[in-house]
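S.K.: The chain contents come next:
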Amino acid sequence: EAGVAQSPRYKIIEKRQSVAFWCNPISGHATLYWYQQILGQGPKLLIQFQNNGVVDDSQLPKDRFSAERLKGVDSTLKIQPAKLEDSAVYLCASSSQGGRPSNTQYFGPGTRLTVL
Amino acid sequence: TQLLEQSPQFLSIQEGENLTVYCNSSSVFSSLQWYRQEPGEGPVLLVTVVTGGEVKKLKRLTFQFGDARKDSSLHITAAQPGDTGLYLCAGAPSNDMRFGAGTRLTVKP
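Residue numbers (my numbering), protein chains in the order written: chain A, 55 to 170; chain B, 19 to 127.
Do not take every clue at face value.
One-sided and incomplete, this derived list gives chain A residues near chain B with beta-carbon spacing under 10 Å [what the hints assert, rightly or not]:
#1 S61
#2 W76
#3 Y89
#4 G94
#5 Q113
#6 P115
#7 V143
#8 L145
#9 N157
#10 Q159
#11 G164
#12 R166
It should be emphasised that the hints constitute simulated quantities derived from the structure, not laboratory data. Cβ coordinates follow ideal geometry from the N, Cα and C atoms, glycine included.
Given the sequences, and given the hints that come with them, work out the whole structure.
M.R.: Here's what the structure looks like:
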């Protein structure tokens, strides 16, 4: 079974530029998560989708971050404009079950973003 | 302050030694999870503990959930270089998963 795919793996941009990340979850997984992991910290949930609907986006900085999951499969996370403090690894995860927090989440390798 | 406090933050030991890392909170959790994350990879789930006082073993790793379901520990027996990584605990006091900052373990051959 193929795992969660993310691209690109690395991205370097200057502040105020825009960037987008892509995630393809495990086939058949209804729940998709985006996390931000700043160096030295644990992952922080940004947004959770159940199929193509948003379940939780309470920690998403909506003035600059946006995410969509059209057709309930792939997802993109966008930052516009980027700030220096957005430098982090952006992790995508998926789960096959109803999105309860105790369900097993499978993580992708992440996209490492550096904002200069 | 973090909802889940992990200690120690860093740990460097020799191969063959035993170690224990801790995950503490003032909140009660219905379950806690432990993940291991290697450089350049996403976290991988090791175990989920659900019942207060529960002990789960995964080869040389022993996980314990506190009686009050506010804390957990991970004990590794006879550590090996392959155990090197970032160990994260995670739990959901409400509906969203919260992670601790992790313990970064280095096992030297």
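S.K.: Any CB of chain B closer than 10 Å to the CB of P115 (chain A)?
M.R.: With Cβ-Cβ at 15 Å, over 10 Å, it is violated.
S.K.: Was the hint right that G94 (chain A) lines chain B, CB cutoff 10 Å?
M.R.: 7 Å, holds
S.K.: Taking the least C-beta to C-beta distance, is Q113 (chain A) closer than 10 Å to chain B?
M.R.: Since chain B brings a Cβ to about 8 Å from Q113 (chain A), closer than 10 Å, the hint holds.
S.K.: Against chain B, is V143 (chain A) within 10 Å by beta-carbon distance?
M.R.: 9 Å, holds
S.K.: Holds or violated: Y89 (chain A) as interface residue toward chain B, Cβ cutoff 10 Å?
M.R.: At 8 Å from the nearest chain B Cβ, Y89 (chain A) passes the 10 Å test, so the hint holds.
S.K.: Go through the hint on R166 (chain A) and say holds or violated, using the shortest Cβ distance to chain B against 10 Å.
M.R.: 8 Å, holds
S.K.: Hey, does the G164 (chain A) contact hint survive, CB to chain B under 10 Å?
M.R.: 6 Å, holds
S.K.: Was the hint right that L145 (chain A) lines chain B, CB cutoff 10 Å?
M.R.: Constraint on L145 (chain A) satisfied, holds at 5 Å.
S.K.: Can you verify the interface hint for W76 (chain A): is its Cβ closer than 10 Å to any Cβ in chain B?
M.R.: 15 Å, violated
S.K.: With a cut-off of 10 Å on the beta carbons, see whether N157 (chain A) makes it to chain B.
M.R.: 9 Å, holds
S.K.: Mind checking the CB of Q159 (chain A) against every CB in chain B and telling me if the closest is under 10 Å?
M.R.: 7 Å, holds
S.K.: Hint check: is the beta carbon of S61 (chain A) less than 10 Å from a beta carbon of chain B?
M.R.: At about 14 Å, which exceeds the 10 Å cut-off, the nearest Cβ of chain B leaves the hint on S61 (chain A) violated.
Of the numbered hints given earlier, the model fails hints 1, 2 and 6; all others are met.
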